[in-house]
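> What follows is each chain in one-letter form.
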Amino acid sequence: MHRRHFLKAFTAMSALSATPTWAAIGAPSVLGAAKNSYGDFVICGIHADGNIAFETQVPMRGHGFAVHPTHAIAVAFARRPGNIALVIDVFSGKIRATLDVSKDGHFYGHGIFTPDARYLLTTENHLHTSQGRVGIWDAQNDFKRVGERPTGGIGPHEMINLPMGGFAVANGGILTDPSSERKKLNIQTMDSSIAIFDKDLNIQEQYRLPEKLHKLSMRHIAAWGHDIAIGMQWEGNPRELMPVIGMLKNNQIELVEDSRDISGNYIGSVAVSSDGVFGFTAPKSGEFISLHTESKGLASQQVADIGGLAEIKNSFCGTAKGNVILISAEKGLKTIKTGLDWDNHLSVVKTM
Amino acid sequence: MKLLILISLLIPFNLFAQNASIDIELADKSIESSLAFIEEDIDRFRTRSEKLHEISALYCAGDISAQEVREALISTYRSWVRLDMYQFGPIEHLSAALSVNFWPDKKSFVRRHITQFDAVDDAQKSDPSYVRTLSAAVQGLPAAIYLWEMDKCPELEAVSGNVALYGQEIHDEWFKADGWADLMKNYGEGNPVYTNAKEVLVEIYSAADFGLQRAAMRLEQPMGSFHNPLPNRAEAADLGISLELVHEQITAITALLERSFNFQLAENELDRIRAISIATLEKLGAITEPLDVAVAAPNQRIPVENAIKSIKATQLEFSNIIGTQLGLNAGFSPADGD
Numbered sequence: 004m005h006r007r008h009f010l011k012a013f014t015a016m017s018a019l020s021a022t023p024t025w026a027a028i029g030a031p032s033v034l035g036a037a038k039n040s041y042g043d044f045v046i047c048g049i050h051a052d053g054n055i056a057f058e059t060q061v062p063m064r065g066h067g068f069a070v071h072p073t074h075a076i077a078v079a080f081a082r083r084p085g086n087i088a089l090v091i092d093v094f095s096g097k098i099r100a101t102l103d104v105s106k107d108g109h110f111y112g113h114g115i116f117t118p119d120a121r122y123l124l125t126t127e128n129h130l131h132t133s134q135g136r137v138g139i140w141d142a143q144n145d146f147k148r149v150g151e152r153p154t155g156g157i158g159p160h161e162m163i164n165l166p167m168g169g170f171a172v173a174n175g176g177i178l179t180d181p182s183s184e185r186k187k188l189n190i191q192t193m194d195s196s197i198a199i200f201d202k203d204l205n206i207q208e209q210y211r212l213p214e215k216l217h218k219l220s221m222r223h224i225a226a227w228g229h230d231i232a233i234g235m236q237w238e239g240n241p242r243e244l245m246p247v248i249g250m251l252k253n254n255q256i257e258l259v260e261d262s263r264d265i266s267g268n269y270i271g272s273v274a275v276s277s278d279g280v281f282g283f284t285a286p287k288s289g290e291f292i293s294l295h296t297e298s299k300g301l302a303s304q305q306v307a308d309i310g311g312l313a314e315i316k317n318s319f320c321g322t323a324k325g326n327v328i329l330i331s332a333e334k335g336l337k338t339i340k341t342g343l344d345w346d347n348h349l350s351v352v353k354t355m
Numbered sequence: 002m003k004l005l006i007l008i009s010l011l012i013p014f015n016l017f018a019q020n021a022s023i024d025i026e027l028a029d030k031s032i033e034s035s036l037a038f039i040e041e042d043i044d045r046f047r048t049r050s051e052k053l054h055e056i057s058a059l060y061c062a063g064d065i066s067a068q069e070v071r072e073a074l075i076s077t078y079r080s081w082v083r084l085d086m087y088q089f090g091p092i093e094h095l096s097a098a099l100s101v102n103f104w105p106d107k108k109s110f111v112r113r114h115i116t117q118f119d120a121v122d123d124a125q126k127s128d129p130s131y132v133r134t135l136s137a138a139v140q141g142l143p144a145a146i147y148l149w150e151m152d153k154c155p156e157l158e159a160v161s162g163n164v165a166l167y168g169q170e171i172h173d174e175w176f177k178a179d180g181w182a183d184l185m186k187n188y189g190e191g192n193p194v195y196t197n198a199k200e201v202l203v204e205i206y207s208a209a210d211f212g213l214q215r216a217a218m219r220l221e222q223p224m225g226s227f228h229n230p231l232p233n234r235a236e237a238a239d240l241g242i243s244l245e246l247v248h249e250q251i252t253a254i255t256a257l258l259e260r261s262f263n264f265q266l267a268e269n270e271l272d273r274i275r276a277i278s279i280a281t282l283e284k285l286g287a288i289t290e291p292l293d294v295a296v297a298a299p300n301q302r303i304p305v306e307n308a309i310k311s312i313k314a315t316q317l318e319f320s321n322i323i324g325t326q327l328g329l330n331a332g333f334s335p336a337d338g339d
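Residue numbers (this note's numbering), protein chains in the order written: chain A, 4 to 355; chain B, 2 to 339.
Please keep in mind that the hints were generated in silico from the structure rather than gathered at the bench.
Don't take every hint at face value.
Claimed, not checked - Cross-link-like lysine-lysine pairs, in silico, BS3-like; alpha carbons within 25 Å at most:
#  : chain 1 : residue 1 : chain 2 : residue 2
1  : B       : K52       : A       : K106
2  : B       : K186      : B       : K199
3  : B       : K52       : B       : K186
4  : A       : K186      : B       : K284
5  : B       : K177      : A       : K186
6  : A       : K38       : B       : K52
7  : A       : K324      : B       : K199
8  : A       : K106      : B       : K177
9  : B       : K199      : A       : K106
10 : B       : K52       : A       : K186
11 : B       : K153      : A       : K186
Small disclaimer: the values here were computed from a predicted structure and weren't measured.
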């Protein structure tokens with residue numbers, strides 16, 4: 004190997020190799036973004052018992068995280084329509100790389116690592132065409148951008164790895180532009196869809212709701228087996244209550260009618276437990292909602308301000324103002340006071 | 002005791018203010034006053050856009066001069082820019098922000114999509130409801146300006162008619178029974194959008210804050226970089242009113258804040274708001290060329306930069322006076338959206 008090749012390889016690996024593994028920093032189960040009592044934006048690790056594993060200051064308010072499977076790396080995405088994402092060593096708070104799409108796009112607050120951890124995939128808006136795209140970044144080469152693929156819609160939001168291989172993207176259908184901050188520019192012509200991709204990021208299938216429901220924005224998803232649970236938000240008349248939970252099952256999306264009266268027209272997060280129970284948060288109505296994939300039974304519990312949600316040890320971990328909430332079918336709710344203002348999402352640390 | 006005094010002096014005032022509870026009686030007066038102000042502005046846009054439609058029809062019939070259309074376009078544009086900050090509720094639900102004012106038009110979509118009219122007959126070309134089926138780029142004021150310049154009738158009449166339709170729809174959605182104004186007035190449990198008075202006041206304050214961001218952006222977009230200015234992005238440059246629009250927007254924002262928060266703020270704080278606003282308008286006045294000319298002339302870029310800085314400083318000052326003191330900062334909540 005030539006010296007320059009060695010140096011290049013060494014530099015390329017530095018973002019990861021300079022970062023400790025999850026095990027080395029106490030193996031947190033979940034990551035979340037928050038604001039602490041000093042007004043600092045922080046990223047926090049949460050143990051399975053709901054206690055805080057660490058709290059590291061970060062330079063911006065995050066939305067969702069992509070969590071690296073081995074190293075203590077989280078990619079924090081600025082809230083829509085931010086055009087910066089930071090690759091953060093969550094233990095030291097050091098920025099290992101900055102991803103910038105300001106030239107022609109902005110992020111939508113979510114991303115994932117591919118199952119082999121080689122690539123980071125990010126949901127983005129292409130500003131010139133207003134079409135959604137998936138940005139592809141090489142995690143083993145200093146997070147260099149190496150490609151992009153269309154998502155088949157406007158406003159791609161959450162992206163997930165599918166248990167059976169491939170990926171799914173929730174195209175929220177809502178157009179935003181940095182020149183109008185977070186304002187929604189196309190409510191009258193919204194077109195939301197769920198796009199299913201193969202492992203090479205080619206769209207294989209795409210699912211929509213009937214035209215009369217085009218103001219339902221499908222934004223958050225979780226998968227178990229072949230089923231995908233969908234959390235939505237209603238952009239029509241706010242006085243009209245709509246079901247905002249859906250299931251993509253057997254090649255069609257079915258709305259869960261019982262979610263109509265309890266969701267406040269807005270689902271903030273979706274997660275799934277390892278035994279196939281889907282969990283949803285409805286921050287506006289202050290409800291945690293669970294749906295068993297087999298029985299289709301819907302249950303709900305009042306949890307004021309609940310926002311983030313992730314699976315934790317076969318049950319759920321949620322965040323509400325100042326608190327981490329452990330939610331289990333057997334033990335009910337357990338509240339752990341943290342003194343932090345939690346943001347929208349939690350991300351599971353799934354180590355390889 | 003001395004230690005306590007010292008500690009109390011070290012704690013910033015706004016720490017107390019942030020937790021201050023809202024006086025409901027004053028909040029209700031603020032909401033009522035804000036809505037009265039918003040109604041005046043929405044009504045102004047409705048009547049001016051109606052007038053624009055009438056004038057365009059007369060012009061297309063050969064009854065009046067192009068100059069009269071120009072004046073109606075300016076008058077309507079000025080009334081729209083006052084509404085630019087209310088990009089929530091009806092304006093958002095109707096997708097009106099983009100459709101009425103497709104700007105910034107980074108890729109010349111207005112000119113590129115205006116050809117959509119070529120495929121249809123004259124009856125459709127003059128039908129405002131047909132315009133609603135076309136690209137947002139050709140539905141609003143920038144398209145009307147272009148059509149006026151190109152002397153294209155009846156398309157000008159149809160696009161003007163579509164803008165007038167938006168004027169009526171926005172007014173109706175805000176002020177009909179059970180409209181958005183009622184939602185803001187009748188906050189509380191069971192209200193699907195505003196569960197308390199503070200959320201309504203935050204909405205009003207956030208609109209003003211957003212409006213200032215947009216005002217700064219109206220100058221930033223054509224600035225580009227020193228070596229690559231983008232004069233084509235100056236808003237409504239063909240009417241020569243780019244700077245006038247920024248002036249109008251800042252004036253409207255200041256008036257909204259005065260009308261909305263005069264019940265809560267002390268006289269010296271209201272004076273401060275007026276003074277900051279006047280200082281910013283003076284900075285705008287120091288730009289002596291039209292905006293598209295100024296950004297391209299090296300010696301005129303500094304006044305434009307100064308005006309941008311001044312708007313941003315205004316945003317910060319307003320945040321200190323209103324956002325922080327009244328505890329109305331946007332906050333940090335999982336229900337913020339997404």
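> Checking each numbered hint in turn, tell me which of them this model violates, lowest number first.
The structure conflicts with hints 1, 3, 4, 6, 8, 9, 10, 11, although it agrees with all the remaining ones.
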